[in-house]
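**Q** This is what each chain is made of:
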Amino acid sequence: MRHKFTAVAVVVIMLSLFATLLAGCAQKPATQEQPKPEAPKEIKIGLIAPMTGDVATFGQSTKNAVMLAAEQWNAKGGINGATIKIISEDDRNDPVESANAALKLINQDKVVAIIGSVASKCSLAIAPIAQQNKIPMISPTSTNVKVTLEGDYIFRACFIDPFQGFVTAKFAAEELKVKTAAMLYDMNNDYTVGLAENFRKHFTNFGGRIVADETYAFGDQDFRAQLTRIKATNPEVLFLPDYYQTVALIMRQARELGITSIFMGGDGWDSAEFVPLAGEAAEGGFFSNHYSPDNKTPEAVAFIDAYKAKYGAVPDALAALGYDAALVLFNAIEKAGSTEGKAIRDAMAGIKIKAVSGEISFDPNGNPVKSAVILTIENGKQKFVKMVNP
Amino acid sequence: MSSAFSTFLQQVINGLQLGSIYSLIALGYTMVYGIIRLINFAHGDIYMVGAYIGFFAAGFFGRSFFPTLLVAMVGASLLGLTIERFAYRPLRYQPRIAALTTALGVSIFLENFVRQFVGPNYLPYPRIIKVTQIKVGDIQFSNIQLIVLAVAICLMLGLTFLVNKTKIGKAMRAVSFDKDAARLMGINVDHVISTTFLVGSSLAAAAGVLVGITYPRIDPYMGILPGLKAFVAAVLGGIGSIPGAAIGGMVMGMAETMVLGYMKSSYRDAIAFTILIIVLLVKPTGILGKPMSEKV
Numbered sequence: 001m002r003h004k005f006t007a008v009a010v011v012v013i014m015l016s017l018f019a020t021l022l023a024g025c026a027q028k029p030a031t032q033e034q035p036k037p038e039a040p041k042e043i044k045i046g047l048i049a050p051m052t053g054d055v056a057t058f059g060q061s062t063k064n065a066v067m068l069a070a071e072q073w074n075a076k077g078g079i080n081g082a083t084i085k086i087i088s089e090d091d092r093n094d095p096v097e098s099a100n101a102a103l104k105l106i107n108q109d110k111v112v113a114i115i116g117s118v119a120s121k122c123s124l125a126i127a128p129i130a131q132q133n134k135i136p137m138i139s140p141t142s143t144n145v146k147v148t149l150e151g152d153y154i155f156r157a158c159f160i161d162p163f164q165g166f167v168t169a170k171f172a173a174e175e176l177k178v179k180t181a182a183m184l185y186d187m188n189n190d191y192t193v194g195l196a197e198n199f200r201k202h203f204t205n206f207g208g209r210i211v212a213d214e215t216y217a218f219g220d221q222d223f224r225a226q227l228t229r230i231k232a233t234n235p236e237v238l239f240l241p242d243y244y245q246t247v248a249l250i251m252r253q254a255r256e257l258g259i260t261s262i263f264m265g266g267d268g269w270d271s272a273e274f275v276p277l278a279g280e281a282a283e284g285g286f287f288s289n290h291y292s293p294d295n296k297t298p299e300a301v302a303f304i305d306a307y308k309a310k311y312g313a314v315p316d317a318l319a320a321l322g323y324d325a326a327l328v329l330f331n332a333i334e335k336a337g338s339t340e341g342k343a344i345r346d347a348m349a350g351i352k353i354k355a356v357s358g359e360i361s362f363d364p365n366g367n368p369v370k371s372a373v374i375l376t377i378e379n380g381k382q383k384f385v386k387m388v389n390p
Numbered sequence: 391m392s393s394a395f396s397t398f399l400q401q402v403i404n405g406l407q408l409g410s411i412y413s414l415i416a417l418g419y420t421m422v423y424g425i426i427r428l429i430n431f432a433h434g435d436i437y438m439v440g441a442y443i444g445f446f447a448a449g450f451f452g453r454s455f456f457p458t459l460l461v462a463m464v465g466a467s468l469l470g471l472t473i474e475r476f477a478y479r480p481l482r483y484q485p486r487i488a489a490l491t492t493a494l495g496v497s498i499f500l501e502n503f504v505r506q507f508v509g510p511n512y513l514p515y516p517r518i519i520k521v522t523q524i525k526v527g528d529i530q531f532s533n534i535q536l537i538v539l540a541v542a543i544c545l546m547l548g549l550t551f552l553v554n555k556t557k558i559g560k561a562m563r564a565v566s567f568d569k570d571a572a573r574l575m576g577i578n579v580d581h582v583i584s585t586t587f588l589v590g591s592s593l594a595a596a597a598g599v600l601v602g603i604t605y606p607r608i609d610p611y612m613g614i615l616p617g618l619k620a621f622v623a624a625v626l627g628g629i630g631s632i633p634g635a636a637i638g639g640m641v642m643g644m645a646e647t648m649v650l651g652y653m654k655s656s657y658r659d660a661i662a663f664t665i666l667i668i669v670l671l672v673k674p675t676g677i678l679g680k681p682m683s684e685k686v
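Residue numbers (this note's numbering), protein chains in the order written: chain A, 1 to 390; chain B, 391 to 686.
These aren't lab readings, by the way, just hints derived from the structure by calculation.
Keep in mind that this is a model prediction, so the values were computed, not measured.
Worth double-checking, as some hints may not be accurate.
[What the hints assert, rightly or not] Pairwise CB distance ranges (calculated): (1) A:E283 <-> B:G449: 23 to 31 Å; (2) B:K525 <-> A:T204: 32 to 40 Å; (3) A:K201 <-> B:P674: 42 to 50 Å; (4) B:S656 <-> A:L149: 50 to 58 Å; (5) A:G284 <-> B:R563: 35 to 43 Å; (6) B:Y652 <-> A:N205: 25 to 33 Å; (7) A:N188 <-> B:V402: 23 to 31 Å; (8) A:K146 <-> B:L552: 29 to 37 Å.
[As the list claims (entries may be wrong)] Listed below are the simulated EDC-like cross-link pairs for lysine to aspartate or glutamate, each with C-alpha atoms no more than 20 Å apart in a straight line: (9) A:K170 <-> A:E236; (10) B:K654 <-> A:D220; (11) B:K654 <-> A:E175.
[To be verified] According to the in silico footprint, chain A covers these stretches of chain B (three or more CB under 8 Å from chain A): (12) 422-432; (13) 509-515; (14) 568-574; (15) 626-636.
We put the CB at the ideal spot given by N, CA and C, even for glycine.
Required output: the full structure, derived from the provided sequences and hints.
**A** Printed below as a string of structure tokens:
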């Protein structure tokens, strides 16, 4: 498929180059004299997301949703008459790439605000740059606490790790009624460490006990040594707060080693690729998430319909939050009536809108206050279990 | 059987399996180095391409294991031959740094080639072998772990036979010992070097397919980290020595597993590399390395 597409693209590009060359030759004397037509007024907004790499579906969902939001607004006449132009950059889920992308967007493209990135480690790389340049930034999905503490220009559209840790721990203790849990997570990732720490804290508060606390490094594929060690402690729950690619590998190896614990995790599991990768092993796992397509508010229904019509798929939470982040930003720019950083920031701080993942207003740290849902995997599909309020 | 002991045995199995993968990749590094004194940094990427060829071959052969393995090995050998012919051979009599830099270039080229034409995303590897669990007392392992170990050992034995008992093996050893003298004795050095790349690349491809089966996801950058670790394993075993690479790989795999299993997991790489440094301090040429004197 991609082959064909690439081949077609190459042919098209070559033909069009050829055509422009010919056209250029013919028209050269005429076009040189003409003054450039006045460019339509547009508002440039940067988008940084991992379109490729280990969490590629996250970036693609996010981009789809932001593009959808921009398209809808432009169809209504844009923001105060100006067209929205999204300039998107792929950071491959690598903080170094994220920082480069942010510098490029701010210095070269002169964007007025940035949406991004998806992973906390990447947003943490962008935040100081946005803050220094006084460019408002809103991350759709970075749940690590530290992201918005970088400064008053940094916001997010999702809840934060302590809440996610609290929600999963509460569910484990009160709904699953388990007493022991083990954790296995990436020790170098702000997101996974944040979730693990908060799960530990709250699970212990609910009277549970963490019987094993094991880590690995990014890029590892073999977890059998840690899992063998975890198996010896016989936990009722195994908490796996990483992204779907890694969690899928861990789950399969755990089941192969004969671990029967219930798997739990966070919003990093939310991907259409998760179940194909994890197979049977994913069955019966529970994870916390920002939104469920089964949760039918008018905003969510309208969004899901529009997304399905445009992309032919049910939007995941990444898409919902990407859309919400874009809505918050567009509304703030409209309210500010200016594209100046300070004005947008102030408008954003005071905003209150009904969005797809719930009502969004910000606390003084730029974090929205909203609820979470618990989902489970049943017959290879995500299923809504319950809603947990802050 | 006490549970601590069965956990220990379980960890030994884990370590052997991880080690056999490192060994297979390390063999290619060490063979190429032994013959032309080149650290072939593209080797990890040949391993990656091997995994990809296996991915497509598995679809074609209806997911049967041996044809898939064979096609991946043949495909990667051809790639190895091509790389040697067009990237390294023209530089054979240039300073060694030129070939080394080229190897890095080939590595980046292969990664980006696959990224561009197959796609940058992780692909779920087809389940060529049905996973079944084998339980012995408290120890539980999968048939895949056994198959990985068995295939790796067979390939290593085959390689030992090739190098020690066949004519081409004799020629390889001769070229490795002294290229110019070998040429004077009528050995076709180019042919021998090509064969070395062919064999090394096919082993890397075998490792690629085995990894694809064991950890069912592949991506264009999957060769970087195992490539690096296998290189370390080759140095640890004594670079240029074939049994050394096999042992070095096993030592690396076992050390990593035991650190993870019995110490804090975050110390894994620190301890694994400390072992490397200690071995090299005591025996600078590696476990089975022969003392070498620089030719002037």
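**Q** Taking the earlier hints as the rules, which of them does this structure contradict?
**A** 4, 5, 8, 11, 12, 14, 15
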